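Trainee: For reference, the chains in residue letters:
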Amino acid sequence: MTSNSSSLRSPLGRARGLGSAKEGTHHWWVQRLTAIALIPLTMWLVASIVALSGSGYDAFILWFGQPINATVMILFLGVAFHHAQLGMQVVIEDYVSHHGWRVTLNILVKFACYGLATLSIVSILTIAFGA
Amino acid sequence: MATQNRPLSPHLQVYRLPLTALMSITHRITGVGLTFGTLLLTWWITAAAYGKPEFDQVQAFLGSWIGLILLLGFSFALFFHLCNGLRHLFWDFGRYFELHETRRADVIVLIGAAAMTAATWVMVL
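Chains as they are written, first to last, in our numbering: chain A, 4 to 134; chain B, 156 to 280.
Treat the hints as calculated values from the structure; they're not laboratory data.
Mixed in with the good hints there might be a few duds.
Covered stretches of chain A (in silico footprint by chain B; criterion: 3 or more residues with CB under 8 Å from a CB of chain B, positions within the stretch not fixed) [to be verified]: (1) 57-68; (2) 100-109; (3) 118-130.
Just so you know, these numbers come straight off a predicted model, no measurement behind them.
A virtual CB, placed ideally from N, CA and C, is assigned to each residue, including glycine.
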């Protein structure tokens, strides 16, 4: 955190605001931000799946071959996996009391979420670029 | 015994959770379920990137009884988490914390999630 001479809070006050997790409200804030972004993105995905249901492979490729659809889908995937990771982290921190397990599970969830996010985004790009 | 009339903290095995508490834990359960559901979504998209035979394999699985039950659960979990998540955002602004308001929101979220799930499946089937 950069020091701001115009702030009325003392450096100690600011440090205290960061709390025991040493990251302040960052986790909480990003979880809300991704939640808000997911409202329209999810509605769009549901509408897309409804539109694509009943039609096969060709319609799927044609749909995500459109740059705008590929863009919104990649946004959905990136934001959704980030939101999932943040949510799983809270659940794990609340229910897994053993420190070693808690840290291990959180690392595994992070690897899985960002691995799956990358795989699905690369797949959408593969379709979009028509490889 | 002198301690007989002390208030006891509710024990989860004998205490019937109020609807608001059930909604709260369901929000978490659906969140975890949706995280596992992303495996299905990733499989679907990745198969499409590999080609028609792989994609048709996934479509066949999703069209089977197991696939349809999974998708039904997936869709309800998604709409529940979406509707209840909206209520959480209202709570973040300090709104609708009164007991009668949370009870009303419980009903709105449940009806909203059920209606959205039903509407989606009516359009799909």
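Trainee: Run every hint past the structure and note whether it holds.
Mentor: The hints, checked one at a time:
no.: 1; hint: 57-68; result: holds (count 6)
no.: 2; hint: 100-109; result: violated (count 0)
no.: 3; hint: 118-130; result: holds (count 8)
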